[in-house]
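Chains as they are written, first to last, in the working numbering: chain A, 1 to 396; chain B, 1 to 396.
No lab work stands behind these hints, which were simulated from the structure alone.
The beta-carbon is built from N, C-alpha and C at its ideal position, and this holds for glycine as well.
A couple of the hints might just be wrong.
As the list claims (entries may be wrong) - Just some of the chain B residues that point at chain A, by a computed CB distance under 7 Å:
{"id": "1", "residue": "His199"}
{"id": "2", "residue": "Thr205"}
{"id": "3", "residue": "Asn221"}
{"id": "4", "residue": "Ser241"}
{"id": "5", "residue": "Glu257"}
{"id": "6", "residue": "Arg259"}
{"id": "7", "residue": "Thr261"}
{"id": "8", "residue": "Arg263"}
{"id": "9", "residue": "Met333"}
{"id": "10", "residue": "His366"}
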Amino acid sequence: MIDFKAEAESLREELIARRRDFHMHPELAFEEFRTAGIVAEELNKLGLEVQTGVGKTGVVAILEGAQDGPTVLVRADMDALPIVEENAVEYASQSAGKMHACGHDGHTTIGLGVAKLLSRHRDQLAGRIKFVFQPAEEVVGGAKAMIADGVLQDPRPDVTLGLHLWNSMPIGKLGVGDGPVMAGSSIFTIKLVGKGGHAALPNMSVDPVVCASHVVTALQSIVSRNIDPLESAVISVTRVQAGTAYNIIPQDAELWGTIRTFKIEVRDQVERRMREVVAGIASAMGCSSSVEIVHNTLPVSNDPTVSERGRSVLRKLVGDEGLVTDERTMGAEDVGLFMDDIPGLYFFVGAAVPDQTEYFGHHHPRFDFDENALPLGVALLASAVADYVLPAAVEA
Amino acid sequence: MAIDFRILADELRDELVNRRRDFHMYPELGFEEVRTSGIVADELRNLGLTVQTQVGRTGVVAMLDGQYDGPTVLVRADMDALPIQELNNVDYVSRVAGKMHACGHDAHMTIALGVAKILTRLRSEMRGRVKFVFQPGEEGHGGALEMIKDGVLKNPVPDVVLGLHVWAELPVGTIGVASGAVMSGSSVFKIVVEGKGGHAAMPYTTVDPVVCTGELILALNTIVGRKMNAMDGAVVLSVTSVRTSSDAFNVIPQSVEIRGTFRTFNAYTSEIMEQHIQSVSTAVCASVGCVARVTIKHLNIPVVNDVKVAKRVRKAMKQVVKSSALDQTARTMASEDVSFLLEQIPGMYFFVGTANKEKDIVFGHHHPRFNIDEDMLPLSVALMCASVAEYVMQVK
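Okay, chain A solo, but in the shape it has when bound (with noise of 0.2 Å):
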């Protein structure tokens, strides 16, 4: 039997100050060009064999046993936000503008070290381990792009593992739910035209700001008006771009967002109202209009058998006691999109930042986790892991 909470544990000072390294180095979709050049050099050094340049920036390593068995495909994201960190520590971002406000610094840790805690086990490994250090996942387009370059083939893999790092729950709880627990996302872009001119004649133009602005305030309407009650939908509009000076009637306005459902028929029909609204708004107020939407990432479900198998292992680290079954968001993820071909199982693993007196989460300018979670999310991880490729050290 292994302890994985020891070995785990015993990896603490590297996994925090790894972690560390990353998280003041963050790097935006597709550009994480050190952060995958570290990943492969350690993967290297653990004497995986590593493939570079898979999806843009990718990495992936094979993890190859002593005797044949199932592949087990472990996924870690790698790339940051587009964000300005505002916390105070000594690990903060060295880039402006960009961070690690999503916690994929300590995914990224945590497949290396279970890359490295699981390697010491190579000669009792039954199969292979598939280590997939996926970029893009934010803008969404890595997982895709990885796909595109054949990670799901030779070998195929048999199940695939993920962890999120989630911190509005605390240390020790998971959330290991049944099907869909993380919602379906598309992009919208919104264009509304209407006449440039003068800002000191508006009479002789037609503004697309107003227009735009009784847009964002009637699409929030839909969520509380035409949806479900019993369905979740969101709509959130989240970039507005307009006009280039203070005298200016600009000629055109753009809003970019976001739609998550975990249903593909309730995003129809959001996407469905938001053309008509977005429609007939403009059309009241004279301007021209445009709404094109993206279909970005499925909803992210966990196969029952896998998400069951995951649980009965899951409990020896967390207890019964922290097993939370209903744990769903609305955030997005494009691991669904490896999660629909192979079967898999995608888990919480709670970090919330301890005697924090204001929540700040996913996304926000101080965002950060519990690191207590990283030796946890590498004991959690590895043993899922070692569930379908080391049955016997599983064992008691």
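Knowing the structure of chain A, use the given hints to seat chain B on it.
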């Protein structure tokens, strides 16, 4: 003997058109008018005028001294372009991406240089002097105040200030020559709507400043209709730019910044507007948990034409155009920092119509397709020459 300025100006027609098109192709923004002011200074030197450069950073002042003593007339033209991407399909379209002479300053400079050329020829008969002032940074950059700071209204102190604006709201052939306040005073505002950023899929963990900004822009647009006394008339408010503090589709930004302008014809209306902008912003933001930071800057005072000067100029213009061409009612909500010159020295700022449906010249100032009917160039030169001559060419 009356000089027929119309004939003299018509002789310059080709030169005026070419020069205006050259300026048009190479627009420069406020205080960056390096190429433009270089051409202006060269041309004035070639005419034999005493030229001073870098007055008010990139401004040019040139003195044309007459043979005999007499009054000093200041003729003012502005030089800067706007941050607009030109959409005209003409062979002299702006060669500079994102910059455009969309207000007619290219014509203003061209006309003033034409006036300088004609009046130079009449130097031997001139009683007094003409101070040609080519001003930078009219479009909200404070160019007039910079030039005043550098002494443009001293040494010698002008007796009268004359200037003109090409005007898209009047048909070509019509001249706006009202007395009193003809252009509004303008103020600019910046409102930062501070919320609490976070993940776009979890709006309940954030305070969304985007929806709040939508509501705020709509509320600001009710001030003119609901809060101002209709009898005070002539009030406008435009929100002209909106920017979220982050760019990602999945991040609810921490804040949104909006900018705009308001215009009134007198100081007390301006004060009331300012109070309402403050209170509406505070209240709308407070209602959803955001905080508004409002900054208001008063930019221009109203342009006021001196009654006596206006009367004299109208009389002079009748040598060039029929009295039916003179419109004594034209006023506009646009503003102009020529007002600061006119605040100290009595003067006349007139509008030369340039709209011409037959030539498809129908777009307003600051529109990406703004253009002028070039027939107005020689006409304007003649009008300005006659107006200046009224002061310095009077036969005793």
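Item to check | Interface hint for His199 (chain B), Cβ within 7 Å of any Cβ on chain A | outcome: 4 Å, holds
Item to check | When the least beta-carbon distance from Met333 (chain B) to chain A is tested against 7 Å, hint result | outcome: 4 Å, holds
Next on the checklist: Arg259 (chain B) was flagged as interface toward chain A. Is the shortest Cβ-Cβ separation under 7 Å?
Outcome noted: 5 Å, holds
Checklist entry - Does the interface hint hold: is Thr205 (chain B) within less than 7 Å of chain A, judged Cβ to Cβ? => result Holds. Min distance 4 Å.
Checklist entry - Taking the closest Cβ pair, is Thr261 (chain B) under 7 Å from chain A? => result 5 Å, holds
Checklist entry - Against chain A, is Asn221 (chain B) within 7 Å by beta-carbon distance? => result 6 Å, holds
Checklist entry - Is the shortest C-beta separation between Glu257 (chain B) and chain A less than 7 Å? => result Where the cut-off is 7 Å and the nearest Cβ of chain A is about 10 Å from Glu257 (chain B), the hint is violated.
Checklist entry - Does His366 (chain B) pass the interface check with chain A, least Cβ-Cβ distance below 7 Å? => result 4 Å, holds
Checklist entry - Are Arg263 (chain B) and chain A close enough, Cβ to Cβ, to be under 7 Å, as the hint says? => result 5 Å, holds
Checklist entry - Does Ser241 (chain B) pass the interface check with chain A, least Cβ-Cβ distance below 7 Å? => result This interface hint holds because 3 Å falls under the 7 Å limit.
Hint 5 alone, counting from the list given before, is not met by this structure.
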